Structures are given as C-alpha cells and as structure tokens.
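Chains as they are written, first to last, in the numbering used here: chain A, 1 to 376; chain B, 1 to 373; chain C, 1 to 337.
By construction, these hints were calculated from the structure, which means they are not laboratory data. Predicted, not measured: the structure shown is a model, and the values here were computed from it. Treat the hints with care, as some may be off.
List time: in silico DSS-like cross-link candidates among lysine-lysine, alpha-carbon distance up to 25 angstroms [said to hold, decoys possible]:
1. B:K184 x B:K65
2. B:K348 x A:K188
3. A:K178 x B:K65
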Amino acid sequence: MSSVTVENVSRQYYPLLGSSETRPVSGLVNVSMKIADGETVSVVGPSGCGKSTLLKVIAGLEPADSGRILYDKVDVTNISPQARGVGMVFQDYALYPSKEGEDNLSYYFEVRKKTEEEKQQRLKEVAELMGIGFDLLMGRQVDTLSGGEKQRVGIARCIVRDPNVFLMDEPISNLDAKLRERTRTEIKRLLKKFGITALYVTHDQQEAIFMGDRIAVMRAGQVVQFGTFDELYYSPVDLFVATLIGTPPMNVLPAEVQGQSLCIESVEMSLPLPPELVDKLPAGKLRLGVRPEGWLVNQAPTGGIPVVVTRVERLFTERAAFLGGQIGRLFVNALVALDFPAEVKQVFLTPDWTQAHFFAADSETAILTPGVPDLF
Amino acid sequence: MPSTRISHLTKEFDTKIAVNDISFELGEHEFLVLVGPSGCGKTTTLRMLAGLEQASSGDIFFGEKRVNDIRPRDRNVAMVFQDYAVFPHYTVYENIAYGLRSRHAPNALVKERVPKAAKTFRIDHLLGRKPRQLSGGERQRVALARAMVRDAELYLYDEPLANLDAQLRYQAREDIMALHNEKKKPSVYVTHDQSEAMAMGDRIAVMRDGHIVQIGTGAELYERPHSLFVAYFIGTPSINLFDVDIVSENGTLFARHPAFSLEISEANQSALLPYVGRQVKFGVRPEDLHVPRMAPFTVTEFNQLLGVVNVIEPSSTGCAVYLSTLDEKAADYTATLRTRMPASYIGKEVPLAINMAKALFFDLESERSILSP
Amino acid sequence: MSLFPLVGRKQPRMRVAWSLMNILLWLGIILHLIPFFIMISTSLKPAAEAMAMPPTLWPKNPTLVGWSLIWNISDIAKSLLSQPLSRYFLNSTLMTLGTIILSIPVTSLAAYATSKLIKGRATKPLFIFFIGTLMLPGIVTLIPSFLLTRNFPFPLPVPPNIPGTDIAFPTLRIWNTIWAVILPAGFSASNFLLFKGFFDGIPDSIINAARVDGGSEFNIFRRIIVPMSLPVYAVTTYFTFGGVWDSYLWPLVVIQDSAIAPLTLAIRRISDAFSGAGTTSTMTALGASSAIAPLVEQGLSWNGLMVLGLLQALPVFIFFIFAREYLLKGVRIQGLK
Numbered sequence: 001m002s003s004v005t006v007e008n009v010s011r012q013y014y015p016l017l018g019s020s021e022t023r024p025v026s027g028l029v030n031v032s033m034k035i036a037d038g039e040t041v042s043v044v045g046p047s048g049c050g051k052s053t054l055l056k057v058i059a060g061l062e063p064a065d066s067g068r069i070l071y072d073k074v075d076v077t078n079i080s081p082q083a084r085g086v087g088m089v090f091q092d093y094a095l096y097p098s099k100e101g102e103d104n105l106s107y108y109f110e111v112r113k114k115t116e117e118e119k120q121q122r123l124k125e126v127a128e129l130m131g132i133g134f135d136l137l138m139g140r141q142v143d144t145l146s147g148g149e150k151q152r153v154g155i156a157r158c159i160v161r162d163p164n165v166f167l168m169d170e171p172i173s174n175l176d177a178k179l180r181e182r183t184r185t186e187i188k189r190l191l192k193k194f195g196i197t198a199l200y201v202t203h204d205q206q207e208a209i210f211m212g213d214r215i216a217v218m219r220a221g222q223v224v225q226f227g228t229f230d231e232l233y234y235s236p237v238d239l240f241v242a243t244l245i246g247t248p249p250m251n252v253l254p255a256e257v258q259g260q261s262l263c264i265e266s267v268e269m270s271l272p273l274p275p276e277l278v279d280k281l282p283a284g285k286l287r288l289g290v291r292p293e294g295w296l297v298n299q300a301p302t303g304g305i306p307v308v309v310t311r312v313e314r315l316f317t318e319r320a321a322f323l324g325g326q327i328g329r330l331f332v333n334a335l336v337a338l339d340f341p342a343e344v345k346q347v348f349l350t351p352d353w354t355q356a357h358f359f360a361a362d363s364e365t366a367i368l369t370p371g372v373p374d375l376f
Numbered sequence: 001m002p003s004t005r006i007s008h009l010t011k012e013f014d015t016k017i018a019v020n021d022i023s024f025e026l027g028e029h030e031f032l033v034l035v036g037p038s039g040c041g042k043t044t045t046l047r048m049l050a051g052l053e054q055a056s057s058g059d060i061f062f063g064e065k066r067v068n069d070i071r072p073r074d075r076n077v078a079m080v081f082q083d084y085a086v087f088p089h090y091t092v093y094e095n096i097a098y099g100l101r102s103r104h105a106p107n108a109l110v111k112e113r114v115p116k117a118a119k120t121f122r123i124d125h126l127l128g129r130k131p132r133q134l135s136g137g138e139r140q141r142v143a144l145a146r147a148m149v150r151d152a153e154l155y156l157y158d159e160p161l162a163n164l165d166a167q168l169r170y171q172a173r174e175d176i177m178a179l180h181n182e183k184k185k186p187s188v189y190v191t192h193d194q195s196e197a198m199a200m201g202d203r204i205a206v207m208r209d210g211h212i213v214q215i216g217t218g219a220e221l222y223e224r225p226h227s228l229f230v231a232y233f234i235g236t237p238s239i240n241l242f243d244v245d246i247v248s249e250n251g252t253l254f255a256r257h258p259a260f261s262l263e264i265s266e267a268n269q270s271a272l273l274p275y276v277g278r279q280v281k282f283g284v285r286p287e288d289l290h291v292p293r294m295a296p297f298t299v300t301e302f303n304q305l306l307g308v309v310n311v312i313e314p315s316s317t318g319c320a321v322y323l324s325t326l327d328e329k330a331a332d333y334t335a336t337l338r339t340r341m342p343a344s345y346i347g348k349e350v351p352l353a354i355n356m357a358k359a360l361f362f363d364l365e366s367e368r369s370i371l372s373p
Numbered sequence: 001m002s003l004f005p006l007v008g009r010k011q012p013r014m015r016v017a018w019s020l021m022n023i024l025l026w027l028g029i030i031l032h033l034i035p036f037f038i039m040i041s042t043s044l045k046p047a048a049e050a051m052a053m054p055p056t057l058w059p060k061n062p063t064l065v066g067w068s069l070i071w072n073i074s075d076i077a078k079s080l081l082s083q084p085l086s087r088y089f090l091n092s093t094l095m096t097l098g099t100i101i102l103s104i105p106v107t108s109l110a111a112y113a114t115s116k117l118i119k120g121r122a123t124k125p126l127f128i129f130f131i132g133t134l135m136l137p138g139i140v141t142l143i144p145s146f147l148l149t150r151n152f153p154f155p156l157p158v159p160p161n162i163p164g165t166d167i168a169f170p171t172l173r174i175w176n177t178i179w180a181v182i183l184p185a186g187f188s189a190s191n192f193l194l195f196k197g198f199f200d201g202i203p204d205s206i207i208n209a210a211r212v213d214g215g216s217e218f219n220i221f222r223r224i225i226v227p228m229s230l231p232v233y234a235v236t237t238y239f240t241f242g243g244v245w246d247s248y249l250w251p252l253v254v255i256q257d258s259a260i261a262p263l264t265l266a267i268r269r270i271s272d273a274f275s276g277a278g279t280t281s282t283m284t285a286l287g288a289s290s291a292i293a294p295l296v297e298q299g300l301s302w303n304g305l306m307v308l309g310l311l312q313a314l315p316v317f318i319f320f321i322f323a324r325e326y327l328l329k330g331v332r333i334q335g336l337k
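All chains should be built: construct the whole structure from the sequences, respecting the hints.
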C-alpha cells in the first residue's frame with residue numbers, strides 16, 4: 001500500500017461534436033488532496049460534482065489536463081491504468097458475467113502470465129481473508145449471485161492483485177437497506193484489517209461518515225472542505241457543507257443583525273443576541289444555521305420562534321424524536337425527547353447560541369461556527 | 001366506515017405466488033406503509049390496488065364498491081412511481097396537466113389547478129421546462145404535483161424516494177406528507193426502507209414472501225415484534241441477535257453464550273421457563289446497551305457484555321458503536337449511545353451494560369417471539 | 001476515440017499509432033468522396049466528352065445538356081426513355097412515401113403491442129412469426145411474391161372459377177401498379193425489431209402512470225409513446241426510405257409500364273443501352289453502333305446517367321441531413337441494427 005497525492009489536478013470535458021453545447025464542462029478544478037498510507041478517505045457530493053471523475057483520474061482511466069498524481073513519491077500522471085496497480089470496485093459490480101466467481105479473480109493472473117501455483121496460493125489466501133462462506137461463492141456463476149455476494153466477489157477481485165490503492169465508486173448503493181448496513185461494516189473491517197489506502201466515493205453523507213477517516217466534500221469540481229467528521233460538522237466552511245453533513249440537515253433561516261438582536265426574516269421576529277456574539281457578527285443580512293439538536297424547545301411562549309408542528313418522527317434506536325414544523329414556508333427539524341406528546345400543535349424554538357452557525361447571506365461562507373464542543 | 005378494504009387478496013404468476021391471501025382496511029385519512037425486502041409482494045399489492053394488475057382471487061373495495069374489474073383509468077386513484085414516470089417530451093406544465101386533460105377537464109380548471117399544484121411543490125418557476133433539464137428532486141416534485149391536481153379517492157406511492165439523494169429525502173418526505181394532509185384521503189405507501197416506514201406511516205404492514213407478517217403502529221412493531229423477522233427488519237442499526245442457551249441456576253434463569261452470561265429479568269422468567277436447556281435467539285436493541293456508568297439501572301456482573309470496538313460512527317444524537325464479542329466467533333453487535341465516544345477507543349475492549357428488561361427472545365424453529373407470540 | 005486509451009498518449013508509441021490512425025481515416029474519407037466527384041463532373045460534360053477515353057477530370061466545356069433531360073426528352077431519346085427524367089423521380093417518390101405512410105404505423109403498432117400490451121403465451125409465437133420473415137432471403141420469395149401480385153390471394157396467373165359456376169373468384173390485382181411495390185412492404189421485420197428494442201426500453205411505469213392518470217390505450221400510444229420515440233421513428237423511416245427508394249429487383253419484376261417505373265429502372269435502362277452496345281469509348285459509340293449514335297448526337301450519354309444517379313442519391317442525402325440529430329440519437333440507442 002502507498003500514499004496518494006493529488007496535486008492541482010484539473011480536468012475539462014469537451015462536448016461531443018454536433019451537440020448543441022459547445023463550451024467545455026469542468027470535471028475537476030484545481031483539486032489537491034493527500035491520502036496517507038492506510039487511510040480511508042470518503043469523497044461525498046451531489047451527482048455531477050466531479051467525485052467519480054476524481055476517482056477515474058487517480059485510477060488513470062481519465063487523463064488530467066494539468067496537475068500531477070503521485071503514488072508515494074512516484075509520479076504516475078502519464079502511466080497507463082494497467083501499470084498503476086489500482087483496485088477498483090464499481091457500483092454495478094462490473095464482474096465478467098459469463099464467468100464463475102473464481103474465474104473473475106483469476107483473470108488477473110491470466111493477463112499477467114503468472115504460474116498456476118502462484119495463482120492457487122494467492123486465491124487461497126484471499127478466500128481466507130474474505131471470511132466464512134467465501135469459497136462457496138467462487139464456484140458459482142456470477143448471474144446466480146445476489147447483489148451483496150457479487151460485491152464481495154468484486155472486492156476480492158481487487159484484493160487478489162494486492163493493489164497500491166483501493167478505489168470504490170458507490171460500491172453498495174445498489175444493495176437494499178439492510179444489506180447495505182451489513183456490507184459497509186464488512187468493507188470497513190477489511191480496510192482496517194489490511195491497512196488499505198482507499199478512496200471511497202458516495203453521494204450519501206452517512207455512508208461517507210461511516211467509511212472515511214477523513215471526508216472530502218466536493219461541489220462543482222472543487223473540494224470545498226477536507227477534514228474529519230468533527231471539523232466538517234462543527235466548523236463547516238460554508239452553507240453547502242453545513243447542510244450536506246448531518247441528518248436531518250441543518251435548518252437555515254435568513255436573518256438580519258439589528259444592533260443587539262437578530263431578526264428572523266420569515267416571521268419578522270427579533271431574538272436578543274448574547275453579548276459575546278454581538279461583537280463577532282457584522283450588522284446586516286446573514287443566514288442563521290441551527291442543527292436539529294441545537295434548538296431549545298418550549299411548549300409555552302417564552303420568546304422563541306413560533307413553529308407549527310406538522311409531525312413528530314420517533315427514532316426508537318436513537319431514543320429521540322424529530323419534530324418537523326414550519327416557520328412561514330420553511331421546514332424546520334428539532335430534536336425532542338422520544339415521548340414528546342403527539343397532540344402538541346405549536347412549539348417555540350430558540351437557538352442554543354453556543355451551537356449556532358452563521359453564514360454570509362451572499363457568498364454563503366461561514367462567518368462564525370461553534371467548533372468542536374468542549375464537553376468537560 | 002373503512003374507505004378502502006382488501007380481503008383475501010392473492011396474486012399468482014406463472015411460477016410463483018407473489019401475494020398470498022392478504023387482508024387489511026384503510027381508515028378515512030390513514031397513511032398505511034407496506035414495507036418488506038424486495039420480492040415480498042408489496043409492489044404487486046399496490047399495483048392491484050391501482051388496477052395495473054389483475055387479482056387472482058380476493059376482493060378490493062373502494063367504499064362499498066368492488067373494483068376488481070374496473071380499469072385503472074376509471075378507478076380514480078393517483079400514483080407516484082419510483083422512477084417518477086414523468087413524460088420526457090412534455091413540459092412540466094403539460095406533465096402536471098395530463099391527468100386532467102385525459103379526463104377532458106375544462107381548460108379553466110387546468111389553468112387554475114396546475115399553477116397551484118406547482119406552487120405547492122416549489123416548481124412554479126419550472127413550468128416551461130422539459131424533464132431532462134430537471135434534477136431528480138425536481139422530477140419527483142413534478143410527479144407529486146401530477147398526483148395533486150386530481151381529486152383521487154386513493155393515493156398510491158411506489159418507493160417514491162428510493163432514487164433521491166439522501167439529503168433530498170427529508171424535504172421530499174415533508175412534501176408527501178403535505179400532499180397527504182391537503183387531500184385528506186387514504187394513502188398506501190410502499191418502501192423497502194424501514195426507517196422511512198417508521199417515519200411516515202400511521203400504521204405499517206410488514207410483508208414477507210407474499211404475506212403480511214405483522215401490521216400495527218411503528219411503536220408496536222418496534223417494541224413487540226411477533227417474529228424474529230420483524231424484530232430484525234425494523235430498526236437501524238438492526239437489533240443485536242445472539243444464539244443463547246437458557247440455563248437455570250438456583251431457580252434463576254440465565255442466557256448463556258460463549259462470550260457472556262446474562263440474568264433474565266424477572267418479568268420474563270416465567271415465559272422462558274419452558275425453554276430451560278434449549279437454545280433460543282436473544283435480541284437486544286442497540287439503544288439498550290449502555291456505558292455502565294451512565295446506565296439507568298443497576299449494573300451487575302450478569303448484565304454486562306465485553307467487546308472490542310471496531311467502528312465509531314458519529315451521529316447528530318451521539319454515536320453508533322460497532323463492536324464484536326471476544327469469543328472465537330467474534331459476533332458483531334452495535335450500540336447507540338447518547339454521548340460521543342472518542343475515536344481513541346477504537347480497537348479497545350469495553351464493557352457495556354444491557355437493559356435486560358427490554359430484551360427479546362425468539363424460538364429458534366418457529367422464529368416466533370416467546371414474549372409476545 | 002474512446003477506444004484509444006486516454007492516459008499515456010504522449011508516449012512515442014502512442015503518437016505513432018495516433019498519426020497512423022488519422023492517416024487511415026482521412027484516406028477512407030477521400031476514397032468515399034471520389035465517386036461523387038466523378039458523378040458531378042461527368043453530369044456537366046457534353047455527351048461526347050462523357051464517353052471520351054481517357055476521361056477528363058473536369059469538363060472542358062461545362063454544359064447543362066444532361067440536366068435539361070429532367071424536363072425535356074427529345075423524340076429520338078424516347079426510344080430509350082419514354083418520359084422526362086422528372087417523371088421517374090416522381091414515381092420513385094410516390095412509391096417511397098406510400099410505403100412509409102403504410103409501413104411505419106403498421107410496424108410500430110405491431111411492435112408496441114408485442115412489447116407492452118400482449119403479455120403471456122401468445123407473445124413468443126407472435127414474435128417468432130414476425131421475425132421468421134427475416135430468415136428467408138428475399139430472392140427465394142421473389143417468384144411466389146410476384147405470382148401473388150397477379151391474383152391475390154391465388155398464386156396463379158388466372159384465378160380459378162368459384163366451384164359450380166363459370167364466374168372467376170374476385171381477386172386483388174396489383175401487378176403493374178405502384179401498389180405492388182407499396183403493399184408488400186407494409187410490414188418490415190427489421191424495423192419491427194428496432195421498434196421493439198426501443199419500446200422494451202421504455203419503463204412500464206410511464207405507461208402505468210398515464211393509465212392511472214386516465215389516458216386511453218391509444219391516447220397513451222399517440223401522446224406519450226410516439227413523441228418519446230422520435231429517434232427510432234427517424235431511423236426506421238430512414239431505412240424504409242433507403243430500402244424502397246433504392247430497390248431495383250422487385251420493381252423490375254412487378255412493373256412493366258415505363259410510365260410508372262421508378263428511377264432505378266430508368267438508370268438501368270440507360271446503362272444497359274450503352275454498355276450493351278459495347279460502347280465505352282466515343283469511337284465505338286459513334287462508329288459501330290447505329291442505335292447509340294443518334295442518342296449521343298442528341299446529347300444523351302453517360303452524362304444523363306450521372307444526372308439520374310445524382311437524382312437518385314440526393315433525397316437520401318437530404319433526408320439524412322434533416323433527420324441527422326434524431327438518426328444519430330437513434331443509432332446510438334440501437335447500436336445500429
């Protein structure tokens with residue numbers, strides 16, 4: 001395994017001849033990132049943000065228009081994908097369909113002209129690594145495998161080659177919810193067990209949080225923020241990262257700082273600001289961001305923002321409930337106790353100022369974020 | 001009076017029975033969710049309700065009227081599909097208007113309703129666009145608006161959120177609930193995602209192999225599952241399951257496993273008495289595992305479980321910890337905690353206290369619940 | 001393009017391969033354009049020069065004599081072609097349009113029915129029946145088909161009498177009318193396959209959504225399916241167009257009257273007249289063959305043939321340009337037959 005360095009990589013797409021669009025489309029804009037040896041980095045972002053392109057550039061399936069890719073200290077920018085020694089796991093599994101499980105794994109040995117003994121030896125090792133029941137999969141036709149089994153074969157196919165880096169493109173998004181839960185634990189454990197350097201691309205932030213030691217958030221071909229979950233969650237650089245990370249998403253309210261207080265625009269209501277915030281916030285319009293757990297919820301009118309409750313969603317596993325409601329036309333979510341009464345139709349919310357986020361109204365970059373809370 | 005009722009409904013295809021003798025009733029303004037793994041027959045049931053599939057036997061009633069042999073266009077149902085099923089060559093406006101136009105609604109009505117429905121789902125600025133210029137979330141809202149313009153008797157949803165990005169799902173859920181609350185008509189919603197079912201359904205019917213295995217409110221299914229399947233299916237992270245031997249020591253029953261030995265709570269002692277000397281499935285929900293110092297009950301030697309931490313997943317309410325037991329088989333289990341466990345615990349051995357009062361037990365052969373059969 | 005690896009193109013070996021590929025492709029393009037150049041230049045030559053040996057690359061005295069044949073054909077030339085060239089053009093157009101108007105709706109409705117409407121045991125035999133017509137080479141069915149055009153449904157030159165009477169069975173006689181070309185092409189198995197492949201790809205949910213929304217089956221086909229399927233309609237129309245417009249053997253068999261003959265038959269007649277007389281050079285044409293000499297004097301030789309050839313090629317070309325976007329989309333979807 002090796003570390004991977006991406007240096008100022010850009011990539012543009014030119015539209016096909018004859019299509020009505022003529023301007024090139026940016027796939028990647030000046031992306032830099034360093035993945036340490038043995039680290040798993042999740043790349044998350046909406047579709048079309050360039051995360052799959054980044055993966056393909058690192059694998060060598062697409063060229064970089066500019067910039068460099070290094071594996072350890074070796075520049076691989078102009079090396080073909082066959083010679084880079086990467087393992088790739090695809091969303092649609094991309095197994096060779098007419099072959100049995102085992103032949104899918106041995107294809108590598110055929111093209112590399114390895115001996116039969118080498119092959120058998122390695123296959124045996126991998127089957128042991130993959131755990132219980134894996135040797136049973138090897139003898140079956142690919143068509144007869146279920147989605148989860150196919151993906152296990154897909155992962156084994158990568159491990160067999162002992163790659164420099166593991167690249168995974170939404171490997172479990174085709175599986176159903178229960179299987180996804182199990183498979184992701186399995187993948188994570190394999191990655192940790194062998195200290196595999198891995199890049200994990202997904203559109204699902206929850207999966208990104210689970211898989212990644214660090215998370216890169218991408219948007220429109222750029223890495224917006226790259227860091228641990230805590231950095232992204234408590235100190236997002238802009239509104240995009242703030243609303244992407246965390247379920248349910250952060251509530252965002254347009255507001256305006258007026259002297260000592262904050263006016264919430266959609267309900268025309270002023271909340272007094274604590275003195276330590278007054279100095280830090282510029283006067284004028286901004287965006288107030290409050291996470292669902294960052295509200296102080298009152299059933300009696302105590303000066304909070306009135307919210308019409310539309311529903312209460314009880315999460316038994318978290319022993320909590322999310323209260324959904326409306327402030328004007330905006331939907332908000334707040335975390336309440338599991339036994340929150342269902343018949344309550346109105347509540348009053350006040351932001352817990354120590355957990356509140358503030359963003360610029362126009363550029364949407366962060367003005368003030370709470371940072372990792374100090375528990376003790 | 002039930003607004004929609006199906007009784008002993010069965011659907012056979014050439015080689016298999018997709019839906020096997022199911023019955024349920026829908027209240028006037030009820031939101032019923034059909035949930036189950038793929039191939040359990042939930043979508044076939046929905047398609048029979050819509051009239052897209054002919055029932056092999058059994059009856060479907062809308063009010064007092066049996067509708068088995070009525071064509072879909074005359075049943076007056078509205079349906080939202082997983083792939084949105086927007087008509088690609090029509091503008092958003094024409095897509096929404098299609099249901100009215102094909103029923104020869106007067107133009108004035110179309111002009112009144114379409115912009116209103118579009119406004120509800122915040123697509124009023126997109127009315128002139130074609131679907132391929134829209135994002136997935138916007139297409140979904142077009143499909144919802146198309147269902148909204150009509151006054152249907154019954155609203156059907158076939159996994160409408162499955163193709164959406166996670167962050168869009170919350171908003172889309174609110175939109176569906178808004179549609180439901182506005183129309184005040186019964187709705188049937190199909191999904192394979194139990195968390196969606198728990199969040200949205202007034203009642204939930206869990207399906208498996210063509211049968212409804214349990215129907216009830218979310219809390220009922222979660223706290224008193226009738227079978228191992230329902231217990232496992234409902235709840236994320238899933239319930240932790242172990243094969244344990246029930247043994248009796250000095251008149252007290254214990255659940256014994258190579259990795260632990262747990263004292264069965266007093267309330268459950270008598271129910272498990274017939275199982276002494278036999279193996280049963282022992283289940284405990286992730287939130288019933290606690291850090292011993294913070295447990296809301298007395299921690300003893302016989303309600304603790306030692307394991308090694310594999311992964312810590314932070315969440316907005318705390319964290320989920322994925323562990324495995326220390327015995328040879330290294331069984332995986334999960335705990336959800338209300339505090340954030342520091343990452344430094346990964347790879348360490350930690351004890352967790354189990355709230356045995358919340359434990360569930362299942363018969364190994366029948367897979368039925370021993371406590372609430 | 002995409003077959004060529006994207007990464008590593010700067011390596012010398014790749015550069016050589018890249019230039020070689022470019023040279024080959026340009027060579028191919030030029031080879032394809034040469035015949036068109038010769039056709040255009042010859043059509044502008046006077047009759048004698050068109051037959052000159054060695055041929056001239058570009059006419060010394062460009063003239064539109066050949067092109068005037070479209071509207072006027074002199075009395076002497078009438079021994080060869082009874083009508084002005086525009087007449088044959090019109091005949092071809094009628095046959096082609098007639099076939100398209102009949103065949104595309106018939107074929108697409110059949111394909112839609114087998115793809116989306118008929119589910120169950122009948123589907124497979126129906127499908128095999130339709131496809132079965134692809135299996136027989138056209139040449140095998142030529143004579144039986146010809147016989148059928150005389151007295152449909154009897155494959156006989158003279159229809160039999162109704163038993164016990166002297167009255168012949170009433171039959172459909174389309175031989176020597178343009179219907180003989182149009183009707184048999186009313187269903188096309190290859191187009192059927194294209195349509196079915198495309199319709200199979202349309203998600204059922206779209207049709208179901210329209211059903212639930214209250215659309216009748218035909219309304220769904222007309223207002224939902226057809227507008228979605230324009231690319232495949234373009235491709236099939238293009239194939240049908242090309243197939244009928246360029247057909248020669250079948251019209252030769254079923255059309256006798258020169259007044260309703262298509263362009264292809266006219267072209268063949270000129271080419272036969274000249275090459276049949278063994279005339280590939282001016283000398284022999286003027287000297288040896290008395291039948292040809294007057295024609296050449298009237299200004300008709302290979303130049304007229306080239307005008308006909310261009311008339312023949314032009315519509316297909318124009319059609320392609322107009323439907324290009326849909327065709328490329330359709331071809332991309334279908335992987336071209």
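The hints, checked one at a time:
For a cut-off of 25 angstroms, the pair hint linking K184 (chain B) to K65 (chain B) stands: about 20 angstroms separates their Cα positions. Of the pairs offered as hints, the one joining K348 (chain B) and K188 (chain A) holds, with about 17 angstroms between alpha carbons and a cut-off of 25 angstroms not exceeded. Restraint check for K178 (chain A) and K65 (chain B): the C-alpha separation of about 39 angstroms exceeds 25 angstroms, so the hint is violated.
When held up to the earlier numbered hints, the structure conflicts with hint 3 and nothing else.
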